[in-house]
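**Q** Okay, here's what each chain looks like letter by letter:
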Amino acid sequence: MTLTDLDKKIVIELQAGLPLVSRPFETLARKLDITEEELITRVHAIQQAGIMRRIGAALRHHRVGFKANAMIVWQISEDKILEVGEQMAKLPEVTHCYQRAALPQWPYNFYTMVHGQSREECQNIAVRLSEIAGVTNYRLLYSVTELKKSSMKYFMD
Amino acid sequence: MQLDHIDKHLLDVVQTDFPICTEPYRVIGEKIGISEQEVLARLECLMQQDVIRRLGGVFDSRKLGYKGTLCAIKVPSERIDEVAEVINNYIGITHNYLRDHEYNMWFTILAQSSEKVEQILTEIKAKTGINDVINLPSQRFFKVLVNFKVRET
Numbered sequence: 001m002t003l004t005d006l007d008k009k010i011v012i013e014l015q016a017g018l019p020l021v022s023r024p025f026e027t028l029a030r031k032l033d034i035t036e037e038e039l040i041t042r043v044h045a046i047q048q049a050g051i052m053r054r055i056g057a058a059l060r061h062h063r064v065g066f067k068a069n070a071m072i073v074w075q076i077s078e079d080k081i082l083e084v085g086e087q088m089a090k091l092p093e094v095t096h097c098y099q100r101a102a103l104p105q106w107p108y109n110f111y112t113m114v115h116g117q118s119r120e121e122c123q124n125i126a127v128r129l130s131e132i133a134g135v136t137n138y139r140l141l142y143s144v145t146e147l148k149k150s151s152m153k154y155f156m157d
Numbered sequence: 001m002q003l004d005h006i007d008k009h010l011l012d013v014v015q016t017d018f019p020i021c022t023e024p025y026r027v028i029g030e031k032i033g034i035s036e037q038e039v040l041a042r043l044e045c046l047m048q049q050d051v052i053r054r055l056g057g058v059f060d061s062r063k064l065g066y067k068g069t070l071c072a073i074k075v076p077s078e079r080i081d082e083v084a085e086v087i088n089n090y091i092g093i094t095h096n097y098l099r100d101h102e103y104n105m106w107f108t109i110l111a112q113s114s115e116k117v118e119q120i121l122t123e124i125k126a127k128t129g130i131n132d133v134i135n136l137p138s139q140r141f142f143k144v145l146v147n148f149k150v151r152e153t
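So the protein lines, in turn, are chains A and G. First residue of the first sequence? That's 1 in full-length UniProt numbering, and the numbers climb one at a time after it. First residue of the second sequence? That's 1 in full-length UniProt numbering, and the numbers climb one at a time after it.
Nothing false has been slipped in among the hints.
For lysine to any residue, the following SDA-like pairs were computed, each having C-alpha atoms within a straight-line distance of at most 25 Å: (1) A:Lys8 / G:Ile20; (2) A:Lys148 / G:Glu118; (3) G:Lys143 / A:Gly17; (4) G:Lys63 / A:Ala58; (5) G:Lys125 / A:Gln105; (6) A:Lys90 / G:Asp17.
Covered stretches of chain G (in silico footprint by chain A; criterion: 3 or more residues with CB under 8 Å from a CB of chain A, positions within the stretch not fixed): (7) 18-24; (8) 47-58; (9) 64-70; (10) 92-101; (11) 105-119.
Treat the hints as calculated values from the structure; they're not laboratory data. For every residue, glycine included, the Cβ atom is placed at its ideal position computed from N, Cα and C.
From just these sequences and the hints, can you work out the full model?
**A** So, in structure tokens, the structure goes:
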């Protein structure tokens, strides 16, 4: 699916946020100079194409009890990475899961982000992931300070 | 802020299951057994308290044609604020965290092309004078699903 100019405008509106009114799509449609029905049809299409994962709320996770987050970096042999990735991605505690190239000064090639109510809980998750994946070479990098956390503003730069 | 049982239920629903229809807040209310007006009032309050950071579209960067990477930079402790200001100034930098490692500042870059990502990184090195940066573009994506089961906590 190629995004039209209208689609891009829809993305810009939806990323800014949905108004808290009875008919939020009608409010946005008026801004975009289209009908509410047209907008809803278009939003469904954008979602069906996988361009939009969902409309949803992003939470400040520390405010709902998840006080600790750790990036766990793993060293996994190439031949195991696909299988391990699929296993780890299934677990609800894992919010992000990526393979990245290793560097000479940084031997880790696989990344999972986990959130817990404490460092101890993150540690326990790491141990469990390690057992599931059969990989023991890993380390946890806890976040100490959040310097920036925002949602991406597409088509604004 | 104290979240009651209804807030928690509401947070779980609006994270994962927001209906795309003419009256979404009424539909959410029906699902959890409160009125549309109460849904709106509670969401307003949760936003004011900054429990909800944003309620809107969650997009797949790659499908929008964006390129991204994860970087880590070694910043002397006395320069953290100043370097963070340089980095955070870019729209395409959405996450920046201090982590407990000698590569202490970790940030993501998103931009409309790989060249633009490279350019941002080059500018950061030039503006901060710090060249010790590791650049870790993703090679394979397995998952991004940031939902927090609030009701279980």
